[in-house]
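Trainee: Sequence order for the protein chains is A and B. Position 116, counted from 1, in the first sequence is what this note's numbering calls 116; the numbers after and before it change by one each time, with no gaps. In this note's numbering, each residue carries its 1-based index in the second sequence increased by 1000.
Quick caveat, the hints were computed from the structure, so don't treat them as lab data. Positions of the beta carbon are idealized from the N, C-alpha and C atoms, including for glycine. Some hints here could point you the wrong way.
No more than 30 angstroms apart at the CA atoms, straight line, and that leaves these computed lysine-lysine pairs for BS3-like [to be verified]:
{"#": "1", "chain 1": "A", "residue 1": "Lys84", "chain 2": "B", "residue 2": "Lys1127"}
{"#": "2", "chain 1": "B", "residue 1": "Lys1084", "chain 2": "A", "residue 2": "Lys84"}
{"#": "3", "chain 1": "B", "residue 1": "Lys1127", "chain 2": "A", "residue 2": "Lys101"}
{"#": "4", "chain 1": "A", "residue 1": "Lys127", "chain 2": "B", "residue 2": "Lys1002"}
{"#": "5", "chain 1": "B", "residue 1": "Lys1127", "chain 2": "A", "residue 2": "Lys127"}
{"#": "6", "chain 1": "B", "residue 1": "Lys1101", "chain 2": "B", "residue 2": "Lys1084"}
{"#": "7", "chain 1": "A", "residue 1": "Lys127", "chain 2": "A", "residue 2": "Lys84"}
Which residues of chain A face chain B? A few of them, derived with a C-beta cut under 8 angstroms, are [to be verified]:
{"#": "8", "residue": "Gly81"}
{"#": "9", "residue": "Ala82"}
{"#": "10", "residue": "Asp83"}
{"#": "11", "residue": "Leu86"}
{"#": "12", "residue": "Val103"}
{"#": "13", "residue": "Lys127"}
{"#": "14", "residue": "Tyr135"}
{"#": "15", "residue": "Gln142"}
{"#": "16", "residue": "Ala210"}
{"#": "17", "residue": "Ile211"}
{"#": "18", "residue": "Asn213"}
{"#": "19", "residue": "Leu214"}
Letter by letter, the chains look like this.
2 protein chains.
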Amino acid sequence: MKVFVIGAHGQIGQKLVHLLQQSDRYTVRAMVRRESQAESFRQSGVEAVVADLEGRMEEIAAAANGCDAIVFTAGSGGHTGADKTLLVDLDGAVKSMEAAKSVGIQRYVMVSALQAHRRENWNERIKHYYVAKHYADRMLVQSGLTYTILRPGRLLNEPGTGRISAAENLSRGSVPREDVARTILAVLDEERTFHRGFDLTSGDTPIPEAIKNL
Amino acid sequence: MKVFVIGAHGQIGQKLVHLLQQSDRYTVRAMVRRESQAESFRQSGVEAVVADLEGRMEEIAAAANGCDAIVFTAGSGGHTGADKTLLVDLDGAVKSMEAAKSVGIQRYVMVSALQAHRRENWNERIKHYYVAKHYADRMLVQSGLTYTILRPGRLLNEPGTGRISAAENLSRGSVPREDVARTILAVLDEERTFHRGFDLTSGDTPIPEAIKNL
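Looking at chain A on its own, in the form it has when it is part of the complex (with noise of 0.2 angstroms):
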């Protein structure tokens, strides 16, 4: 199974890349803004194509043809202006929906955010980065493709446990991103996810049985 990653060069991209790349079961290809960082994916001995989110969806189509999931983790945590939110978290996004339907690849997973679903629950700081998320997810839930949306919590750098939580409403809480690219790691062919989107935070439960258990 060859996996899309989209936001490759991002910090839960790289992570989940290496992990792609050591992986019995995958193999990957890596998608980049920039040929720098394509070069650089290479010399690792990663597959790696430049395409840019703010182009045309064929331009995307075109990069993804002939892999079998996409994993979307591009985008601005909300640090970038509400204007490229737009382009890029909301109409990136769909577009990167639209080519996988048009070359065939039929499973999507979607990096999002905690409670991006529920409107009441949104950070008033960044709120025009959730209403780019919920309307991303949105249109992947009515995409016909077969997703499945993570929504981690406040994002870390430091090493993951290899334990979260995961359901589908969670109180605020904080996630390694490590334990975000080994948590798509595990959904990517779990058909208990298929459709289904859910909260992670850091738990108490190892990866796998949380899953389950969802």
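Knowing the structure of chain A, use the given hints to seat chain B on it.
Mentor: Structure of chain B alone, referenced to chain A:
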């Protein structure tokens, strides 16, 4: 048929409220953001309620309750920041669709923007506005409501002529706000506009005829 006008104090909204008030066929309830705006409507004999598109969906639903149709003509037109565009033109609009469904209002007319349905024709200068309108329109199409989406060209303040062009796709053009308001009135109970969107500019054809030819 009572029409709930969202954005009633806006430039199209005021003209539309006036036309509805004068018609034999319709009555109107104006939704505005400020009590002073509501008061000003009431002084001209127009029913008005105060509600906020950035507020809770339930607040909008309560304001609309008892009406038979919603017209959404609120929004920034691209002149506010991308932040407000996300919160009002996208999330506010979708909340009003959810509000419609929650109180059993089936008819919904959206004022969108010329070519909002086709990314390749978005105005680069206000691209964030087109993203917001595009996804509000797509959410409306998927909402189950009986929608009509009007996509006017550049809006003018000059007097209307009562003559328009209306088609699935038009090249760039402009249209007086007064003619947009008249066109809204003409589509409200015109079944051939149900579940459709069309571009709208000034043209040679009287509005009722242009609608019939769609």
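Trainee: Does each hint fit the structure? Answer for all of them.
Mentor: Now the hints, each set against the structure:
A C-alpha spacing of about 10 angstroms is found between Lys84 (chain A) and Lys1127 (chain B), which places the hinted pair at or below 30 angstroms, so the restraint holds. At most 30 angstroms may separate the alpha-carbon atoms for a hinted pair to count; Lys1084 (chain B) and Lys84 (chain A) meet this at roughly 14 angstroms. The suggested pairing of Lys1127 (chain B) with Lys101 (chain A) holds, with an alpha-carbon distance near 24 angstroms, which does not exceed 30 angstroms. This hinted pair does not check out: Lys127 (chain A) and Lys1002 (chain B) have alpha carbons roughly 34 angstroms apart, beyond 30 angstroms.
Our distance criterion of 30 angstroms between C-alpha atoms is met by Lys1127 (chain B) and Lys127 (chain A), whose separation comes to about 20 angstroms. Using a Cα cut-off of 30 angstroms, the hinted pair Lys1101 (chain B) and Lys1084 (chain B) holds, with the two alpha carbons roughly 24 angstroms apart. For the hint pairing Lys127 (chain A) with Lys84 (chain A), the CA-to-CA distance comes to about 14 angstroms; that is within 30 angstroms, so the pair holds. A hinted interface residue such as Gly81 (chain A) counts as satisfied when its beta carbon comes closer than 8 angstroms to some beta carbon of chain B; here the least separation is about 7 angstroms, so the hint holds.
A distance limit of 8 angstroms between C-beta atoms decides the matter here; for Ala82 (chain A) the minimum to chain B is near 4 angstroms, and the interface restraint holds. About 4 angstroms separates the beta-carbon of Asp83 (chain A) from the nearest beta-carbon of chain B, less than 8 angstroms, and the hint is met. Evaluation of the Leu86 (chain A) hint against chain B yields a held restraint, the C-beta minimum of about 4 angstroms falling below 8 angstroms. Hint status for Val103 (chain A) relative to chain B: violated, with the closest Cβ pair at about 18 angstroms, above 8 angstroms.
The restraint placing Lys127 (chain A) at the interface with chain B holds, with a minimum CB-CB distance near 7 angstroms, inside the 8 angstroms limit. Given hint, Tyr135 (chain A) at the interface with chain B, holds; its Cβ is 5 angstroms from that chain's nearest Cβ, closer than 8 angstroms. Evaluation of the Gln142 (chain A) hint against chain B yields a held restraint, the C-beta minimum of about 6 angstroms falling below 8 angstroms. A cut of 8 angstroms between beta carbons decides the hint on Ala210 (chain A): the least distance to chain B is about 31 angstroms, and the hint is violated.
Hint on Ile211 (chain A) is violated. Least Cβ distance to chain B is approximately 29 angstroms, over the 8 angstroms limit. The restraint placing Asn213 (chain A) at the interface with chain B is violated, with a minimum CB-CB distance near 31 angstroms, outside the 8 angstroms limit. At about 26 angstroms, the closest approach between the beta carbon of Leu214 (chain A) and any beta carbon in chain B exceeds 8 angstroms, and the interface hint on this residue is violated.
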